[in-house]
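What follows is each chain in one-letter form.
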Amino acid sequence: MKPINILTSTAVPLPFPNVDTDQIIPKQFLKRIERTGYGEFLFFDWRYDLDTPDHVEERKDFVLNKPEYKGAEILIAEKNFGCGSSREHAAWALHQYGFLAVIAPSFADIFFSNAGKNGMILVRLSEADVQTLMERSTANPAHKITINLEAQTVVDDQGFSSTFEVDPFRKYCLLNGLDDIGLTLRHESELDAFESKHNEEFWSAPKAS
Amino acid sequence: MSAIESTPKTLFEKVWQQHLVAEPAGEPSIFYIDLHLVHEVTSPQAFDGLRLAGRKLRRPDRTLATVDHNVPTTSAQDRLVIADQISAKQVNALRKNCAEFGIEFFDVQDASQGIVHMIGPELGATKPGMTIVCGDSHTSTHGAFGALAFGIGTSEVEHVMATQTLPQSKPKTFRITVDGELPFGVAAKDIILDIIGRIGTDGATGYVVEYAGSAIRALSMEGRMTICNMSIEAGARAGMIAPDETTFAYLKGRRFCPQGAAWDEAVAHWRTLPSHADAKFDRELHVDAAALAPSVTWGTSPGMTTTINATVPTLADAKTEADRKSFERAYEYMALKPGMPIEEIKIDTVFLGSCTNGRIEDLRAAASVVKGHHVAAKMRALVVPGSQAVKRQAESEGLDAIFKTAGFEWREPGCSMCLGMNPDILQPGERCASTSNRNFEGRQGRGGRTHLVSPEMAAVAAITGHFTDIRKWKLNDSKEAK
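One line per chain: the protein sequences are A and B, in this order. Each residue of the first sequence is one higher than the one before, starting from 0 at the first, in numbering that gives the first Met the number 0. Each residue of the second sequence is one higher than the one before, starting from 0 at the first, in numbering that gives the first Met the number 0.
In case anyone wonders, no lab produced these hints; they're calculated from the structure. Note that the structure is predicted; figures quoted are calculated from it, not measured. Quick reminder that beta carbons are idealized off the backbone N, C-alpha and C, glycines included. Certain hints may be false.
[Said to hold, decoys possible] Listed next, the stretches of chain A that the computed footprint assigns to chain B, with coverage defined by at least 3 CB atoms under 8 Å from CB atoms of chain B:
#1 10–19
#2 112–118
#3 155–169
Full structure from sequences and hints, please.
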């Protein structure tokens, strides 16, 4: 995981609530066994024309296909972004497309966790603040937003300024590019001790012993 | 005993506390996982991660695997040689990974194969007080047994493989009490759809829900699983139901359950798990079971739910600006007009199955409706048992013959049209009465339109060709039979 701290970029506005992970990456791309190569399939059903036989015609009206929004590293969404399926492919697709941060009023739990584990910053702002940024990026695709993870601030080039909450441990991992497994294994002796008595106490074996 | 220790605890808090390995300051707790269920879609990248880092699978004995999401359901032969090369590659990858890491694997034609959330309970691998995870959001199903069970992403799958733990922050608790007697024709599915309709698809985000009350206690394990299964559709981290005699009776004698004196000791432990009468929850909701009616979703989110005798909501029913926008999109995608009676919505496809409603009781309920009838003209109706065990049981009861005589296709077990990763998909514009759990745009196939209903409601719609009030239909049907 790459460390991330300060991000300044234009932003793509996606003004729909409850965007589910089936929309972010449809099922047919979940058959792959690789961890990369999902970016081209991001928002596939919205991004490509349904009527063309090979589904490769870009829909001109979808925001990701507008040339003025190419290269944006921030996505602005509405409430409950990432609901539904636990597929981490959704986080992979967003990240591999080039999004390093999503700003929304709220996120679904599993998506939130998945995105964090892939080095993305998820920023929760109030509905009003999200609306302000959404309107500015809609009106002006060159509108630039700066997210500062260390300072937990969001500012833009038109005087917007706000702060956001972030779990201190998640922040530490993002800032340092740390993956969780290594951190957990620092507790291996406690884990060994726990396992030696856990079953007998709580009948928690998955199989009969 | 200190004041903290004597605080009355909820079911969730007890299970949570019994699984804390370490509580490092300023960091999430290290939380122990008793059972890790693995399937073909969300695991290959995790196995690769282990190999790349040179890590072992810590507890193969706490890991079980099966194939469900992209296996064909048409015939045994089609499953053994999967035509879709990408699906075949993914299934093969799991086969090889299980062999390499020493995981018990239920392959396509194994007697215990099935949707991963079906087979845990069927094998008795799912038990009260356990912690269970799987790279699948419907892992919440297992909470019906009083287990704490939740879906995880692939990075977490790898984490559990390597450490048998997850870093976790403690969620909040939310009790939903459903009291009263369920009316005739109203099923467990209708309870959970009603709850999601009330609180919304993010209504329980950040919470573990405990379902309580007389209507929940009266449900079979199958009904309880249906309810816990869809907890994620309300955004909940997990859903749980306190274990009781119904739970113990279901589990006794199953393959992975203790026997003899060990069984008695396990039951004695499980009896200590239910929430204390004075336990405090962060949030409460009460639902009157007697006031419920058969539910039908009309839109593109499980929260867009109404009842069979109602009409498609109008923009005046949208509570917020965001709802308004969602309603407008949903009318267009679903090709429905606001104010249209639900009973006038015509369907061309019926899907009976999934980890929500693919159990024996669901098939019995649907079969009792279709017996002696035939599906409507041009109706495509599929019955996909959730597991090999359900399929065998249904066949031994003659349910397959009832369905086939009525014009249904009788399939092999898997996730099938719930998410259409296998060849069972809707074509653009097709409209399905589905017993599954998600009505998202394109969920059952690009351009397909999904309405979520109970098994009986799906069955009656297959016969009449449009949504039909199962309560009225059953009354008429029983009169005609006389």
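Hint check results:
1. 10–19: holds (count 5)
2. 112–118: holds (count 4)
3. 155–169: Our answer is that it holds, as 3 residues pass the Cβ test (under 8 Å) against chain B, meeting three.
In the structure shown, no violation is registered for any of the earlier numbered hints.
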